[in-house]
Amino acid sequence: MYKADSHVHSNFSGDSVERLENIAERAIELGMDEITITDHLDLDYADGIKIFELDVPKYIETLKKLKETYRDRIKIKIGVELGLQPQLVRKYDGIFNCEDIDFIIGSFHCIKGMNVAGRKFFEKYSKDEAHRMYFEEILETIKLFPRINVCGHLDFINRYGKAFHNDYREINFELHKEIIDQIFIKLIKKNIGIELNTSGLRYGLKDFHPCRRNLERYKELGGKIITMGSDAHKASDIMKDFDKAREELKEIGFEKFCTFEKRKVEYRDL
Numbered sequence: 001m002y003k004a005d006s007h008v009h010s011n012f013s014g015d016s017v018e019r020l021e022n023i024a025e026r027a028i029e030l031g032m033d034e035i036t037i038t039d040h041l042d043l044d045y046a047d048g049i050k051i052f053e054l055d056v057p058k059y060i061e062t063l064k065k066l067k068e069t070y071r072d073r074i075k076i077k078i079g080v081e082l083g084l085q086p087q088l089v090r091k092y093d094g095i096f097n098c099e100d101i102d103f104i105i106g107s108f109h110c111i112k113g114m115n116v117a118g119r120k121f122f123e124k125y126s127k128d129e130a131h132r133m134y135f136e137e138i139l140e141t142i143k144l145f146p147r148i149n150v151c152g153h154l155d156f157i158n159r160y161g162k163a164f165h166n167d168y169r170e171i172n173f174e175l176h177k178e179i180i181d182q183i184f185i186k187l188i189k190k191n192i193g194i195e196l197n198t199s200g201l202r203y204g205l206k207d208f209h210p211c212r213r214n215l216e217r218y219k220e221l222g223g224k225i226i227t228m229g230s231d232a233h234k235a236s237d238i239m240k241d242f243d244k245a246r247e248e249l250k251e252i253g254f255e256k257f258c259t260f261e262k263r264k265v266e267y268r269d270l
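Using this note's numbering, the letters of the sequence shown map in sequence onto residues 1 to 270.
In short, the hints are calculated from the structure, not lab data.
Heads up, the beta-carbon is just placed ideally off N, CA and C, and yes, glycines get one too.
Be aware that a few hints might be false.
[To be verified] Okay, derived cross-link-like pairs now, DMTMM-like style, lysine to aspartate or glutamate, Cα gap no bigger than 25 Å in a straight line:
| no. | residue 1 | residue 2 |
| --- | --- | --- |
| 1 | K77 | E29 |
| 2 | K127 | E174 |
| 3 | K206 | D243 |
[Said to hold, decoys possible] Okay, the calculated beta carbon distance ranges per label pair:
| no. | residue 1 | residue 2 | range |
| --- | --- | --- | --- |
| 4 | K58 | E178 | 35 to 45 Å |
| 5 | N172 | T69 | 17 to 27 Å |
| 6 | E25 | P86 | 35 to 45 Å |
Using the sequences plus the hints, can you model the full thing?
The following block contains the structure:
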C-alpha cells in the first residue's frame, strides 16, 4: 500500500499557519512514501481578497530546499491549487510552463465573481440555482484549462449556504445529473483526473468530495485518474480518513489511485 497525500496546505496559503517542517515531520511520523504541498494561488478572488496570491518564486525555492533537507526520509513534491476563473487563462501561463511543479489541482472557489463560501452567492439564488451555476461554471471553465492534472473537490459547494437553506448539504443530483456527466466526460476526454478529497467529513458532511454517488458515476463513465488528498491546513489533518477513502474506492471498483511527478501520472496500489 502506497501512502501519499496529494493535497496539503502550508503557511504559504493565506488560510493556513502550518510550517512546512511540521508537515514533513508529520508525514514521516505517519510512515508516508510521499507528500505533495499544494498551496493556493487564487487570483481575482471575490470581494478583493488578496490572501491567496502566492509568491510563486519564493514558494518553489523554499520547497526545493525542503525537498533536499528531507530527501533521505520522504519524497516531497511541489504542487499548487489554482483557483480557476475564465478570465485567468493567460495569468496562469507561468504556472503551467514551470518545470519545477509536479502537480496542479484546478479548483472552483469563485463563481461569477462571487465567493461560494460567502453570503452573496446563496443570498441571491435558490439552493438549486446556486448549485446549477456552480456545475455550469466548472463545465465551461475546464475547457479553458486543459493542462490542470485534476479537478479539485468536485461538489464541495454543499459545505456552504447553511444560513439560507436548511437542506444546503443535499445536492439534487438527479436535477444536475446531465451536467455532472458532461463534466466527467470532458475531464476524461482531456485526460484530467479528479481528486477524492476527504475534507468533507471534517466539515460535518456524511461523505467525501466528490460524494460516493459521483465517484461511482465517474468510474462508470470510464474515469481512471483519481488522486487522494486530505486538503489539510494543519499537520494533524494529513491523511485524515484515508482508510475510509481507500475502502470506498475499492468497493466502487478502483484498484489504483494516482500521484503525479513532473505532471505525469503515476498509478499506485490502493
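Structure-based check of each hint:
Between the alpha carbons of K77 and E29 the distance comes to roughly 17 Å, so the proposed pair stays at or under 25 Å and holds. Restraint check: the Cα-Cα separation between K127 and E174 comes to about 14 Å, which is no more than 25 Å; the hinted pair holds. Using a Cα cut-off of 25 Å, the hinted pair K206 and D243 holds, with the two alpha carbons roughly 15 Å apart. Between K58 and E178 the C-beta distance comes to about 44 Å, which sits within the given range of 35 to 45 Å.
Distance hint for N172 and T69: a CB-CB separation of about 49 Å, inconsistent with the stated range 17 to 27 Å. Between E25 and P86 the Cβ separation comes to about 40 Å, which falls inside the hinted range of 35 to 45 Å.
In terms of the numbered hints stated before, the structure departs from hint 5 and from no other.
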